[in-house]
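S.K.: Model the full assembly from the supplied sequences, consistent with the hints where possible.
Chains as they are written, first to last, in this note's numbering: chain A, -12 to 576; chain B, 17 to 358.
Since the hints were derived computationally from the structure, they do not count as laboratory data.
Simulated crosslink set (DSS-like; lysine-lysine; CA at most 25 Å straight-line): (1) LYS391(A) with LYS87(B); (2) LYS406(A) with LYS204(B); (3) LYS265(A) with LYS30(A); (4) LYS406(A) with LYS202(B).
Some chain A residues well away from chain B (every beta-carbon gap over 10 Å; in silico): (5) THR137; (6) GLU160; (7) VAL179; (8) LYS191; (9) LEU270; (10) GLY398; (11) TYR403; (12) ASN503; (13) ASN527.
C-beta: ideal position from N, C-alpha, C; glycine also.
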Amino acid sequence: MGTNRKRLVAAAASMVVAVGVAGCGGDSGSGSGPGDQSSQTVKADVPKGGTVFSLEQSVTQSWDPQRTYTGRDLSNMNRLFSRGLVMFPVGATDPEEGATPIPDLATDTGQANEDATQWSFTLKDGPKWQDGKPITCEDLKYGMSRTFATDVITGGPNYIIGYLDIPQDANGEPAYKGPYTGEGQDLYDKAVTCDGNTITYRFKKPWPDFPLAIASLRSFDPYRQDQDKGAKSQLVPFSDGPYKIDDAGWNADTGGTFIRNDQWDATEDTNRQANPDKFTFTLGVEAEVVIDRLIADQGDDASAISTRNVTPAQFPQITGDVAARAVDFASPFSNYLVPNFNRVTNLQVRQALAAATDRAGYSAALGGDKASKPSQSIVNPSTPGYVANPAYSADGKPDIEKAKQLLEQSGETLPYPIKLTYPIGSDASEKAFAALKASYDQAGFDVTLDGLDPSGPYYDTIQKPGSDSDLIWGGWGADWPSVSTVIPPLFDSRINIVGKSSNGQDYGNYKSDAANAAMDAAAAETDLDKANQMWADLDNLLVQDVAYIPLDVSQFYFLRGSNVENYVNAASTSGYPDLGVISVKDGGK
Amino acid sequence: MTLTASNLESHSDDHFVDAEADAQAGRVDVEGRSPLRLAWARFRKDKLSMAALVVTTIFVLCAISSPILLKLGVLDPYTNHTDLLVPETGFFPRGALGGISIHHPMGVEPQIGRDVLSRLMLGATLSLTIALAASLITVAFGTVAGIIAGFTGGIVDGIIGRIIDLTLAFPATLMLLGLSQVAVDKMKAIGIPNGPNGAFVNGFYIVFVLAVFGWPPVARLIRGQVLTIREREFVDAAILMGASRPRIYFKEILPNLWAPLLVYFTLLMPAYVSAEAALSFLGVGIKNPTPTLGNVLNSAVQFAIGDFFFFFIPAAIIAAIVIAFNLLGDGARDALDPRAGR
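M.R.: What follows is the structure, given as structure tokens:
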């Protein structure tokens, strides 16, 4: 489960640092704040040239397609240097359009057999690597094979391991061990075949939304075998897109600069506009400093963007011409609490927790509508199949009286002690958890706030099945627009709870055979409407068990410099600025 | 300021000072005065020191009364008042003055609406308790080490001296950050009570660390003093009469050290109040949502532009506490050791 940890680290950070997990979708249909896409217009023919500066606090974990799992980096990679068979259209402000794959390296969006267990794509003639060699079917096949080397290629999404038709060995792991050892290579060669320019994937179970996964994640992108140095390739981008890293390379702590790739052909890749001449990334800039610099809008900062959220304390400074440079956008991430089923075994106590959760106060403490909105499900509203669960009110106010009654009926001694474990971050998030504590304490709980460092002990602590936390914070975004990338990764005990060492992402140690069976049934359903109904029923089951308590949907509140034009953050880039269309005023002249 | 050359000279002749002070007070009795009373007379003459004493006393009284007021329900540092905030602005307090009203004389916190006065008062209690405990332990430990080193001399002095060097060479802040989780867990394991929201064990950690890294300067100061005292006749007399070591340390030498100790103590208090505030900045110490002066200020600093009053009030109060304690310490030093001058 170590592979998935990074994604969650990032998810936790999304609340305060705005670097989220892989998430596709993300719409603004649910009424984003001022300055959302209505003011975002994309022009096709803008002056080329200039440099876009990206000011960031958090570092890029990986530029390796098979190892990247952070929403911001997945989106940037695809727009700058890592192309896939299909992609989400650039600058698509319509959520529906933004979540519909279009051909990129392939000639179409793929051919599936009847039950979607076999997919074929044909490569275009013409796309080249940065050294001028053509992109071949073998490169595609090699790229995906790297995911199987789970000891070297860590941190990335590993869905393909569960889907690809490769037999398991005695330990229940795939018999193919990746390209470095070559063990089981013949099995992989059978599952993925190249016929000239046509690549065919064979799965052991139906994967109807495979193209969505290709467009959302980068783990299916091609990779050149002769450029592969295993773990050392983590931050060494090798480009097949419009930009490549300059000769100085990428510095893990400070960033780097992407310059134009002269082997990229604009007439062949008509999707990416590739307007600026350069992208310069500056990492490790302190959170408040990023926003202060963007507000000041001086020098190079006038051409700067960031995925740092404006903090609530800075809201009053976003007025006048600064407000015109701000955008507020519903992110594809949702935050929630899970009760620890090993400790809070009494259903009525869990129900009391659910009733006493002050989602309105939590959202307000994070800054209200511009930063957070109370949610009614663990599924983000932008994910197809989302249903607001009627068990949770829209305004997010707690029902203290109901919680008190439930606690009295539960027969437990009061006040009932609760240890709430959460990731420490900003001043705002400290207030948010203090708000939760206040309403729990009113209802008859005695809450101890246990704030831990998300880049340190937080995940180690909550992923221990024997942890003494009673209530645990989590944050999640769908990997591609489907509920199947939300509920099973978080609540399927069979994939999460491995022995006594880890509970994976099932932090609450939730084990339910009924829920597991319902997940299997919903995932196998190829009829989309039926599947969505099955997911909604499953969500009801989880809510009845109080397997989770929804908190809020995070908003992105980004600023940009005054010289940045064609600025869009939309569904197709998980709500992050779309580098495929961005441009600098007058081409930076 | 008010101490002039005449004071310095007059100190060499205590009877003269006595007579002068008595004449001023209109008294005629010729009762002798202890050094403490002399110091107090000098202290009272300094208006600034007296003002600092009054302010300090007020803060200490506030700090003592706030847990009682909290129990009585007069203070309420934890309840959210989102109704006093404006959702459209991102939940900033209503009105221009940070939400100041009759019920909330110092306003409410933005985004959550907790009462600022309650948080500051309870915060003062915790911060001053931590500073007081840490100062007492620092001074006590430093004094014992200093007396032993200074009196014994030789190899013991050398060992204590090297321990002092070693402690001073440690990167204290880094240690504090790195060890906080481990140390707090250990403290819980050996049975230090958690207290409400972990306040006891986390507060104890701060006290412990401040004291561990605070004692060497005290020990050095005391050692220097003891080096001169041990050559005095009354110490020789005690040794000749066969007094035990502890008796010499604590009955003969210690009474001659209280003046520098009192001064050091009063100067240490404000230093520890601000140290607690600084540590809060780094996320070590008392946990959210229990207020201390440090974490209230930590939260307020970000609002210097966004909500000026919420920033200004805690900042001004912490500044006042630190300045008042510093002036008090200064005044005490001047009064107890007038030869030092200004």
